[in-house]
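Next come the chains, spelled out residue by residue.
There are 2 protein chains.
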Amino acid sequence: MSDISCELCKTLGGVLLWEDDFLRIIRVESQEYVGFCRVILKQHVVEMTDLNLAERARLMKVVYAVETVLRELYQPTKINLASLGNIVPHLHWHIIPRFQDDPHFPNPIWGEVLRPAKPRPAMPDAELKQRIALQLASTSSL
Amino acid sequence: MSDISCELCKTLGGVLLWEDDFLRIIRVESQEYVGFCRVILKQHVVEMTDLNLAERARLMKVVYAVETVLRELYQPTKINLASLGNIVPHLHWHIIPRFQDDPHFPNPIWGEVLRPAKPRPAMPDAELKQRIALQLASTSSL
Numbered sequence: 001m002s003d004i005s006c007e008l009c010k011t012l013g014g015v016l017l018w019e020d021d022f023l024r025i026i027r028v029e030s031q032e033y034v035g036f037c038r039v040i041l042k043q044h045v046v047e048m049t050d051l052n053l054a055e056r057a058r059l060m061k062v063v064y065a066v067e068t069v070l071r072e073l074y075q076p077t078k079i080n081l082a083s084l085g086n087i088v089p090h091l092h093w094h095i096i097p098r099f100q101d102d103p104h105f106p107n108p109i110w111g112e113v114l115r116p117a118k119p120r121p122a123m124p125d126a127e128l129k130q131r132i133a134l135q136l137a138s139t140s141s142l
Numbered sequence: 001m002s003d004i005s006c007e008l009c010k011t012l013g014g015v016l017l018w019e020d021d022f023l024r025i026i027r028v029e030s031q032e033y034v035g036f037c038r039v040i041l042k043q044h045v046v047e048m049t050d051l052n053l054a055e056r057a058r059l060m061k062v063v064y065a066v067e068t069v070l071r072e073l074y075q076p077t078k079i080n081l082a083s084l085g086n087i088v089p090h091l092h093w094h095i096i097p098r099f100q101d102d103p104h105f106p107n108p109i110w111g112e113v114l115r116p117a118k119p120r121p122a123m124p125d126a127e128l129k130q131r132i133a134l135q136l137a138s139t140s141s142l
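Chains as they are written, first to last, in my numbering: chain A, 1 to 142; chain B, 1 to 142.
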């Protein structure tokens, strides 16, 4: 199932970090938000409750794996999780490490900008890929 | 575990619709967003990955139940799910029915306002409570 007008059916949507037949993990190419990742379903499905229970669990297991890796790598003040899809109604999760000195904190990243972005060192994609693969392997039987 | 300075440890945070020993479901008292609910953990826990796997699943099962009920009752254009907690770092999920003519659509509700709010009929709390209880009962063994 795909939709030819849907951006997430047509494009990867970022730097590919991991994928299987069900979903992919990408890193968002953002200067302001290092570590910002998305977990994107491969099928064009709109809402979590359009998935069956096993599919919801499979998707969230990957969201949690990404959250775990991002917490370890970046020690953020907070993790923000969101599945919105108002513009692109194709199921995808935002996993955003947030920091007290980031441009919007404590606002959501879609809210008012409060300060300029500070440069923050980003982990190499190879490191992110390796950590995510290891994290998923360690939870694959759960 | 509770934090005496935390708003969600001290107050319900809205109109109580359902609760057990682990979490509560509240309706947000919003004129602009009818059906806007939150699922709030009772313990003062910060991130999803601070919970064990069974607790994560238990929490998300309730989020999905609320999503199901809100979709049935309001037929929204989109459901928005988010766990942010930058201001109140106590695990809670926003479940927000979104409509093409709501004040922010397609922006997140934390983004720029694009139009005035239109009155939208809200279901009585008694109806919401009953539907949520039934939905949770029907998925309790899953």
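Just so you know, these hints were derived from the structure itself, not from any lab.
Note that the structure is predicted; figures quoted are calculated from it, not measured.
Take these hints with a grain of salt, some might be off.
Which copy is meant is left open, because identical chains are indistinguishable; a pair holds if it fits in one copy or across any two.
[Unchecked claim] DSBU-like mimics (lysine-lysine), calculated; alpha carbons at most 30 Å apart, straight line:
hint: 1; residue 1: Lys118; residue 2: Lys10
hint: 2; residue 1: Lys42; residue 2: Lys118
hint: 3; residue 1: Lys129; residue 2: Lys42
hint: 4; residue 1: Lys42; residue 2: Lys10
hint: 5; residue 1: Lys61; residue 2: Lys42
Going through the hints against the structure:
{"no.": "1", "hint": "Lys118 <-> Lys10", "result": "neither (33 Å within a copy, 35 Å between copies)"}
{"no.": "2", "hint": "Lys42 <-> Lys118", "result": "neither (34 Å within a copy, 35 Å between copies)"}
{"no.": "3", "hint": "Lys129 <-> Lys42", "result": "within (19 Å within a copy, 35 Å between copies)"}
{"no.": "4", "hint": "Lys42 <-> Lys10", "result": "within (10 Å within a copy, 42 Å between copies)"}
{"no.": "5", "hint": "Lys61 <-> Lys42", "result": "both (16 Å within a copy, 23 Å between copies)"}
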